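If you read the sequence shown in this note's numbering, its first letter stands for residue 2, the second for the next number, and so on.
It is worth saying that the hints were derived from the structure and are not from the lab. Please read these numbers as outputs of a predicted model, since none were measured by experiment. One thing to keep in mind: the hints can contain errors.
What the hints assert, rightly or not - Across the chosen pairs, the derived CB separations fall in these ranges: (1) 442 - 486: 24 to 32 Å; (2) 510 - 273: 21 to 29 Å; (3) 529 - 277: 42 to 50 Å; (4) 565 - 88: 32 to 40 Å; (5) 530 - 561: 51 to 59 Å.
Unchecked claim - Subject to a maximum C-alpha distance of 20 Å in a straight line, what follows is the list of computed SDA-like cross-link-like pairs (lysine to any residue): (6) 20 - 45; (7) 20 - 66; (8) 20 - 490; (9) 20 - 88; (10) 20 - 131; (11) 20 - 79; (12) 20 - 141; (13) 20 - 76.
All residues carry an ideal CB built from backbone N, CA and C; glycine is no exception.
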Amino acid sequence: MSTEVVGPGPVEPLPEHAKLGPYRLVQELGEGGMGVVHLALDRNGRAVALKVLRPHVAHDPLARARLAREVETLSRITDPGVAPILDADIDGPRPYLVTRYVPGPSLDEVVRRDGPLPTIALRRLGQGLAESLRTIHAAGVIHRDLKPANVLLLDGEPVLIDFGIAHIADDIRLTSTGLVMGTPGYLSPELIEGGEVTTATDWWAWAATVAFGAAGRPPFGTGPMDVVLSRVSRGEADLTGVDPLLAPVLAAALTPRADLRPSVEEILGAMDGYAMGHPTTQILTEHPGRGATAVLPVGATLPEPWPLPPAAVVQQPEAPAYRHKSPSVPTASAVHSPYAEPPVPAPGGASDAEPPPSGEAPTTWHRGVEHPDPRIGRPNRSGVLVALGVLLVAGFAVLPVVAAVLTAAWMLLARTADRSMTSLVLRRHASGVRRSDVPMAVVSGPWHAVVAVVATALALVVPLLVGVSTAFCTALAVSAATGGAAEPAASLPLAVGSLLGLWVAWWGPGGASLRRGTRSMVRGMTVNAAVRQALVALTLVAAVALGIWCYAGGGEPSWWPQRTAPSFTTPAL
């Protein structure tokens, strides 16, 4: 992929809610020295995560090369535990890449809020990350920045993000000589020593990350950066509070010498055994050079500490997706948050600071939008929508006029709801929550309804053409098969035509607003599983009842409140 710079002219910052390519920016998710991550919507209203380079680095060839490398890295990986790349534009004036939006909190946020993970959640974390790492390494990629902030939890399953400093086995390093990139406390000893980047780097970070989730604090404590790096180099991991069944494999994996750590197969086997309740000491086998096992006592220190080279410098990578960052400062204190747990003193009293437990470089926490878009990252209620669609199709087959009126009313309400909600979200994003929000929504309601009427009228043109054409084609097919007259106003042609027409209205031009508004209304009506199940059951029963009524009437629909079908449905064929 080319990284040619598009001219040296100035690049203006993106205004709020601007469009970048085919994407509409909704809100900022995270920021770093090189880029900003936005929550955005694509053409179909689907939420995505969009990382765009900052204006002052947009024309920097190295910054573009690094972004291009991230694109190449993600394109190599196909794994449910990795947020995949969806799109990218590296050569434009505002280079960006687009990945799947993961609507889940990061591991460090979960631990800050709820404390150490329970056993079941910890097993899912360890196994999920291990399987993802195996896939990543098989693709020739080394993440290099695995840490709690870069692990999102979606329904309890870990999803790995931020490949901004990932290493590809066959490319050159973009970092300067003597500069080590990573996060204190999750940077492997060999990288601190300036050693070669290997898969062992990620497996060491895997152990540190799982240990954080198990103990609720960084395994190498917090404090000044050089203190944390010194503990890492000497192997002074504090695993107090970690499940005794899991601690042995973590202690072995956190050994400073890479050649003494467990193999990938041993780690995966240990996690399989842990999932079944077995201690991980039974999985670790004899390894050349380390004796029977590499299991260290909890909190043990390797007898021969590695010296910390004075030239080793840790640079905070650009902000991981979904975290709000400011430029890094050389210390390993954690991000402060209103949800932080009480501070835990560092082992040995190395620091008097009061950081939360992530062990990352200090940052200033920029609060995100207090009231994010309620349509994003929420259940689609697809089952309820399918049931309602079946009922509408059955309605068109039996009571077409009534069904048409209900369909038009539904489309108007859905688009009005979507416009009202979009207006409220944008207003709160710009000005925060105000007392005038509700009055403004009421006052602007008629205007949104008028716009929805116009939008619905325009959006119905194509579905009507498709639906009517399909009904006539179905009538002709039935006529050819039975030898009777073509009757497009019969129940079967109306059902088939309405099915295809509704499909085009939902997925065709102008359908994004209809989908968002409909799902918002359905979510509001179905507050829990019992209500959803009852609604689906009642809807399907009503559809079956309409079908029985149609069959009993000889397949002829009722045009109530009219007496007969419209004249255009009974041409001389």
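Hint by hint, here is what the structure shows:
| no. | hint | verdict |
| --- | --- | --- |
| 1 | 442 - 486: 24 to 32 Å | violated (53 Å) |
| 2 | 510 - 273: 21 to 29 Å | violated (50 Å) |
| 3 | 529 - 277: 42 to 50 Å | violated (34 Å) |
| 4 | 565 - 88: 32 to 40 Å | violated (52 Å) |
| 5 | 530 - 561: 51 to 59 Å | violated (36 Å) |
| 6 | 20 - 45 | holds (14 Å) |
| 7 | 20 - 66 | violated (24 Å) |
| 8 | 20 - 490 | violated (45 Å) |
| 9 | 20 - 88 | holds (15 Å) |
| 10 | 20 - 131 | violated (38 Å) |
| 11 | 20 - 79 | violated (28 Å) |
| 12 | 20 - 141 | violated (35 Å) |
| 13 | 20 - 76 | violated (24 Å) |
Comparing the model with each numbered hint stated earlier shows that hints 1, 2, 3, 4, 5, 7, 8, 10, 11, 12 and 13 do not hold.
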